[in-house]
Amino acid sequence: MSAAIRVFLVDDHRLFLSGVRAELLRPEHRDAVAVVGEASEVDSAVEAIRASPPDVVLVDVHMPAGGGRAVIEAVQTTHPDVRFLALSVSDAAEDVLAVVRAGARGYITKTIEPDALVDAVRRVHEGDAVFSPRLAGFVLDAFAGALPPEHDPELDQLTAQEREVLRLIARGFAYKQVAKQLGISIKTVESHVSAVLRKLQLSSRYELTRWASDRRII
Amino acid sequence: MVAFLGLNDALVGAGSVLLAVGVTLAGALVVGGPWIVRLVAQTRAERRERIRSEERAEMAAHLHDSVLHTLALIQKAEAPGAVVGLARAQERQLRAWLNGQDPEAADLRSALEDTVGRVEREHAVRVDLVIVGDVALDERVQALVAAIGEAATNAARHAGTGKASVYVEVEPEHIRAYVRDEGSGFVPEAVPADRRGISESITGRMQRQGGSATIVTEPGEGTEVVLDLPLRSF
Numbered sequence: 001m002s003a004a005i006r007v008f009l010v011d012d013h014r015l016f017l018s019g020v021r022a023e024l025l026r027p028e029h030r031d032a033v034a035v036v037g038e039a040s041e042v043d044s045a046v047e048a049i050r051a052s053p054p055d056v057v058l059v060d061v062h063m064p065a066g067g068g069r070a071v072i073e074a075v076q077t078t079h080p081d082v083r084f085l086a087l088s089v090s091d092a093a094e095d096v097l098a099v100v101r102a103g104a105r106g107y108i109t110k111t112i113e114p115d116a117l118v119d120a121v122r123r124v125h126e127g128d129a130v131f132s133p134r135l136a137g138f139v140l141d142a143f144a145g146a147l148p149p150e151h152d153p154e155l156d157q158l159t160a161q162e163r164e165v166l167r168l169i170a171r172g173f174a175y176k177q178v179a180k181q182l183g184i185s186i187k188t189v190e191s192h193v194s195a196v197l198r199k200l201q202l203s204s205r206y207e208l209t210r211w212a213s214d215r216r217i218i
Numbered sequence: 001m002v003a004f005l006g007l008n009d010a011l012v013g014a015g016s017v018l019l020a021v022g023v024t025l026a027g028a029l030v031v032g033g034p035w036i037v038r039l040v041a042q043t044r045a046e047r048r049e050r051i052r053s054e055e056r057a058e059m060a061a062h063l064h065d066s067v068l069h070t071l072a073l074i075q076k077a078e079a080p081g082a083v084v085g086l087a088r089a090q091e092r093q094l095r096a097w098l099n100g101q102d103p104e105a106a107d108l109r110s111a112l113e114d115t116v117g118r119v120e121r122e123h124a125v126r127v128d129l130v131i132v133g134d135v136a137l138d139e140r141v142q143a144l145v146a147a148i149g150e151a152a153t154n155a156a157r158h159a160g161t162g163k164a165s166v167y168v169e170v171e172p173e174h175i176r177a178y179v180r181d182e183g184s185g186f187v188p189e190a191v192p193a194d195r196r197g198i199s200e201s202i203t204g205r206m207q208r209q210g211g212s213a214t215i216v217t218e219p220g221e222g223t224e225v226v227l228d229l230p231l232r233s234f
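Taken in order, these protein sequences are the chains called A and B.
Counting in my numbering, the first sequence runs from 1 upward without gaps.
Counting in my numbering, the second sequence runs from 1 upward without gaps.
In case anyone wonders, no lab produced these hints; they're calculated from the structure.
Derived lysine-lysine pairs resembling DSSO-like cross-links, with alpha carbons at most 27 Å apart:
hint	chain 1	residue 1	chain 2	residue 2
1	A	K176	B	K163
2	B	K163	A	K180
3	A	K176	A	K187
No experiment lies behind these values; they were computed from the predicted model shown.
Please construct the entire structure, taking both the sequences and the accompanying hints into account.
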C-alpha cells in the first residue's frame, strides 16, 4: 500500500470546506487520502502550500482576489510538481476553462459523490486528467467550428478519437465504460484525455472562441 | 527704471501670447465643441453602464458564494427528496440567471433546461444536462425536446438509481441526444403493449419529424435512448 495522497483544500466557503474534509476523512478513504491543510483565501493558500507542498490541491474556482486561477498560477511558479483539481458550484464555461488553462488537471462539480471525489483525487495525483461530463461538454464547445488557416492544426483541433472519447464522457460514461465502448484500453482513454487537456492549455483555440462569443459573433 | 520697462515689455509679450493661445483655444472649441459634448455624454453613459455591470457582478458574486453553495449543500445533505428537488430546481434557475441566459429565450438550451428541471422536480431525481451548441426552437426542435423529456422521465421512473444523464449535441446537419441511466435496464421485447410509452411518445414523435430513436438496453446494463433529428429540410 502506497502512502496516502496528501490533499490541501482551498475554498472560501467554510461550510463546504468542512463538508469536503469530512468526505475525504471517511474511514474507508483513510488509506487513500490525507487532508494536510486548508485555506480560505488566495494569499494564505499560496503561503501554506509553498511552506509544505501537498500532492494535490482541491481548489475552488470562485474566490475573492483572483480565485483558484490565482492560487494555481502563483504556486506553479515555485512548485510545478503540485497538482490541482478544480471544484466548483459554478457552471460558466469561461471560468472553468480559465482555471483549467491555468494548470488545473481537471474540473468536478461540488455535488460529486464522495467515492468519485476520492477517485478524481487519485487520478490527478497519478498525473491523469479528470473530465466531468460538464467539462467534456465545455471543451467540445470550445473546439467546435472552423478556424482561420494560420492556426496550428495540431494544437487547435481535436482528433476524431479524442472527440469521440469526450462525447462518451459527456454522455455520462466513466473512463472504464468509454474504453469498453470504443474497444480500447483505459490507458488509451487516459492518454486521449491528457492530450485534450494539453491542447486546451496550449492552443490559441479557446481564446479565439471566447473572443468571438464575447462579441456575439457566434 | 530700465529694469521696470523691460519687465513691462515682457508682460506685453506674455499678454499677446496669452491672447493668441486664447484665440486658438476658442477656435478649437468651436470646431471640436460638438465632438467634446458627444464624448462627455458617451463617457457618462459608459460610466453608468459600468457601474450597473459592476453592481450586477457584485450581486452575482454574492449569490454565487452564498446561495449556490447553500443549495449545493442541501443536495449533499441527506434531506428529503422533495427538498433536494426544490434546491436543485432553484439552483438551475439561479445559475441560468448568473450565466446571463435569457429565461424567455426561444432556443434549444433554455427549453432543455426547463424540461429537465421539470423532470427533476417531479421525480426527485438528479439529471446531469450537458449541451454542446445551440439552435433556435421550432416545431421540430420542440418535438425533440419533448422526446428527451419523455426519455428522462422514463429513466427517472424505472432506473431506480435517482439519477440520469442527458447529453445533446447540435451538429451542422443534425441534433443528437443521448438520455442515459445506469439502472436495471430491461428487455425491450418484454415490454407489455399497455406500457408502450416509449414507442409512442419517443419513437413516434421522432419519426414524425423525420428523425429516429434507438434504445440500447440490457438487464443490469442500464439504458440509453439515442435520438437523432436531421436539421436539413427534406
